Every structure is written in structure tokens, then in C-alpha cells.
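K.L.:
Each chain is listed here by its residues.
2 protein chains.
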Amino acid sequence: MPTVPHLEQHFTGSARVRDVVIGMSDGLTVPFALAAGLSGAVESTRIVVTAGLAEVAAGAIAMGLGGYLAARGDREHYDSELAREQREVVDKIDFEVAEVEEIFGRYGVARAAVAPVIAAFRARPDAWVRFMMRFELGLEEPDPGAALRSALTIALSYIAGGLIPLSPYFFSATARDALGASVGVTLAALLIFGYVKGRFTGTRPIRSGLQTVLIGGLAAAAAFLLARLLS
Amino acid sequence: MPTVPHLEQHFTGSARVRDVVIGMSDGLTVPFALAAGLSGAVESTRIVVTAGLAEVAAGAIAMGLGGYLAARGDREHYDSELAREQREVVDKIDFEVAEVEEIFGRYGVARAAVAPVIAAFRARPDAWVRFMMRFELGLEEPDPGAALRSALTIALSYIAGGLIPLSPYFFSATARDALGASVGVTLAALLIFGYVKGRFTGTRPIRSGLQTVLIGGLAAAAAFLLARLLS
Numbered sequence: 001m002p003t004v005p006h007l008e009q010h011f012t013g014s015a016r017v018r019d020v021v022i023g024m025s026d027g028l029t030v031p032f033a034l035a036a037g038l039s040g041a042v043e044s045t046r047i048v049v050t051a052g053l054a055e056v057a058a059g060a061i062a063m064g065l066g067g068y069l070a071a072r073g074d075r076e077h078y079d080s081e082l083a084r085e086q087r088e089v090v091d092k093i094d095f096e097v098a099e100v101e102e103i104f105g106r107y108g109v110a111r112a113a114v115a116p117v118i119a120a121f122r123a124r125p126d127a128w129v130r131f132m133m134r135f136e137l138g139l140e141e142p143d144p145g146a147a148l149r150s151a152l153t154i155a156l157s158y159i160a161g162g163l164i165p166l167s168p169y170f171f172s173a174t175a176r177d178a179l180g181a182s183v184g185v186t187l188a189a190l191l192i193f194g195y196v197k198g199r200f201t202g203t204r205p206i207r208s209g210l211q212t213v214l215i216g217g218l219a220a221a222a223a224f225l226l227a228r229l230l231s
Numbered sequence: 001m002p003t004v005p006h007l008e009q010h011f012t013g014s015a016r017v018r019d020v021v022i023g024m025s026d027g028l029t030v031p032f033a034l035a036a037g038l039s040g041a042v043e044s045t046r047i048v049v050t051a052g053l054a055e056v057a058a059g060a061i062a063m064g065l066g067g068y069l070a071a072r073g074d075r076e077h078y079d080s081e082l083a084r085e086q087r088e089v090v091d092k093i094d095f096e097v098a099e100v101e102e103i104f105g106r107y108g109v110a111r112a113a114v115a116p117v118i119a120a121f122r123a124r125p126d127a128w129v130r131f132m133m134r135f136e137l138g139l140e141e142p143d144p145g146a147a148l149r150s151a152l153t154i155a156l157s158y159i160a161g162g163l164i165p166l167s168p169y170f171f172s173a174t175a176r177d178a179l180g181a182s183v184g185v186t187l188a189a190l191l192i193f194g195y196v197k198g199r200f201t202g203t204r205p206i207r208s209g210l211q212t213v214l215i216g217g218l219a220a221a222a223a224f225l226l227a228r229l230l231s
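Chains as they are written, first to last, in the numbering used here: chain A, 1 to 231; chain B, 1 to 231.
Because the hints were derived from the structure by calculation, they are not lab data. Model, not experiment: these values are computed from the prediction. Where a beta carbon is used, it is the ideal one built from N, C-alpha and C, also for glycine. Incorrect hints may have been included.
Quick list of simulated restraints, FRET-style, between CB atoms [to be verified]: (1) B/Leu210 to A/Asp74: 37 to 45 Å; (2) B/Gln86 to A/Val90: 52 to 60 Å; (3) B/Gly145 to A/Arg176: 23 to 31 Å; (4) A/Ala160 to B/Gly184: 31 to 39 Å; (5) A/Glu88 to B/Asp177: 56 to 64 Å; (6) A/Glu140 to B/Arg84: 46 to 54 Å.
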């Protein structure tokens, strides 16, 4: 008999892994494509490095702060719904009973069959509230402190990912020289990253690796061609 | 008595709105910050426009294709879990009964009180499978065609958002001249966008607008300062 909800098992890996994936997949892809695109238009590695680092800083802040505010919003949403349900199981008990009957009715369970369940809920209003949060509203209680941890993890993963495609530009004389090395290390990093991500998320790892390479490669190719056309 | 799950009401607005928000919030922020950053380092609007459009192309592809593959992955995950549950309500019926009892046990409902519900499920295995998908696994059936629609919506919203901060650079002689106009139109767009997003997602609209401006402004300021330091 399972002792934890399957839900937990299916989002294999923790929220931390998910945040690393969010930050790193964008961090590897967008600065890579930007650097490749600029290499099609300018000679100077200085401009590519400046644009690339500016993009990494902006992306890390936008994603990290965006993630922080989204997580804080989830917390506020959860708390306000919790307060509403806590009032409803006291003040609007007939309404809550009707909601439980309606939930089960969608699965072919008649009102008479639900009556013993409702009797159990009436005896434990706290459990009833938890049931409604999870099964009526589909809300899980957010982890306190999750917002800040999530923001930092996403931002640092974006920076770590973004420095990989930019690194060859630090050491090359011209942007065109650096481009080949950047493509090489980044496609390799995308393949490894996609493979590992596949293992954590339950997708077939090799297919996940190839998909990740495809996204990064197409984005970089489009940026390169567009920049060539413009210059 | 509600006739649709509350879940639907709480994700106010449709999946389409959510995709527009995902695409446009990044589209307004990152190209804006990149253009601002480059304006701190180079004179030529041509380089800013080239880098900005390359970033918009790369970001739209990365986000759109990433969203497409994520949605397709959700579909495959749903189908494989559905097939497993369909087998289990036939082959491992005692195990499924124990799972239902365990789910309710977490909410203080005794096995005896669950028995009539289980009897109803035994009479309708299809409803039982739907119940387990939703209440054991927390999975909703993905909308067919959602993956492609979602990808296109995210990508086009990213492009629409990204062209706003870049537009002044098309018409100005120097990057520094364009910067002020870009900051003005983008902060106004971020405020309006955040306000509208707040109305759709149930956050207080004015606070949502100010938060969106804060994210975009901080990202752009960081990119600008970093690029100044490097040049």
C-alpha cells in the first residue's frame, strides 16, 4: 500500500531539480543563440561578451525575480483559499456538503454512498478543509522559504548555463574563431543536460538529450541567420 | 452548486492567457535589458538592433519549442498513466481498493465509510479510472492540439513583447538617444501588462503592475551597469 501520494513520485526529483532545469535550459540556449547571432554580424569578441553577459544578468534577474514573485503569489493564493474553506466548513456547511456530493457525482458515486464520508468529515473539520484544498481546488501547501530558494536556484542555474556558450569568446581573437568552439561546447552541454534532465523527469534520456540539442541548435541557427541578413 | 471544478475558476482565464503572460513577460523584459545594456557599451544602433532581434528570434524559438515539447511530454505522461490505471482497476483490484482507502484515510475517513464509494467505483471502472487519475495522481487530461497552440502563442507573444523595447532603436541615430525612449515605452508597457495580468490571475492589478515594472527595471539596470563596467 503506498504511503505517500503518487503525485510526489511522478514529479520525480525535487522542486530544486525542477528549478535547475528551468534556469539552465534557458541559460544554455538563449545566450548561446545570441552569441552565435552576433558572431554572424560583428567581428569583435568584446561586443559579443558584453551583450552576452548583459543578457545573462538580465535573464537571471528576470527569471529569478519572476520565480520569486510567482512563488509568493502561490503562497498568498493558498492562504486566502484556505481561510475561505475554513469559513465555509463552519458557516456554509450545506454548501460544502453539496460540493463534496458534486465532486463524487462526476465519478458516478450516488449521494447515498457519499453520506458516510461526509459524516466523517463533519467530525473532523480540519481534515475536511485539507480534503477540499486538495480535491476541490487542486492546491498543495507551498513549502515556506520555497520562494527565495527557488529564485536563487533559477538565477544561479541560468548564470552557470549562460557562461558555457560565452566562455570561448573570452579567449578568442575574433568572434568567428570563437563561434566554432562555442557551438561545440554548448551542443555537448545541451546533450548532457538533456540526458540528465530526462533521467530526473522520467522521459527517455537519449530522446530528451536530442530534443534539448534541437531546441538550442534551432534557436542559435535562427539567430545567426537573422543577424547575417541584417548586417 | 458549482457545475465545474473550482480548479478551472482559479486559474482565471484560459491556458491561452497563461501562454500570453509567459511569452510577453519575458519578451518585454529580456530584450529590453539587453538593449539597455548594449546602449551602455556601444554607440551604433545597428548592433543593438541586430543583437536585439537575434535575441528575440532565439528566445521565441527556445520558449515556443520548449513549451511544445513540455506539452507533448505531459500528453505522453498522461496516456501512459491512464493505461496503467486502466490495467490496475482490472488486474490489481485489491491494490486499487487499498489505494482509495489510503487516500481517504489521510483525511480521517475510516475504511467502513469508504466502502459504499468503492462499491460505486466497482460498478463503473471507467469513472474509477478518471477518479484515480485526478485524485491519486493529480493529472488533468491535456487538451489535444494544446501543445502546438501553446507553442505558437508563447512564441508570438515573446516577439510582440520584444519588439516594443527595440522599436526606438530602429528610428534613432545613436543608441544613447534611443535608450530614453526605450525605457519610457517599455516601463509603460510593463505597467499596463502587469496590470492586465493581475486582473486575469486574481492578483491585485496595481501591485501586479508595479512588480512587473520592478522586474523589468532591475534587469535592465543590472544589464546596463554590467555593460558599462565591461566597456
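K.L.:
Taking the hints in turn, state whether each one holds.
P.N.:
How the hints compare with the structure:
The supplied range of 37 to 45 Å is broken by B/Leu210 and A/Asp74, whose beta-carbon atoms lie about 19 Å from each other. B/Gln86 and A/Val90 have their C-beta atoms about 40 Å apart, which leaves the hinted 52 to 60 Å range violated. Separated by about 42 Å at the C-beta atoms, B/Gly145 and A/Arg176 break the suggested range of 23 to 31 Å. For A/Ala160 and B/Gly184, the hinted distance range of 31 to 39 Å is satisfied, since their beta carbons lie about 34 Å from each other.
The hinted range of 56 to 64 Å is satisfied by A/Glu88 and B/Asp177, whose Cβ atoms lie roughly 58 Å apart. A hinted range of 46 to 54 Å for the beta carbons of A/Glu140 and B/Arg84 is inconsistent with their spacing of about 22 Å.
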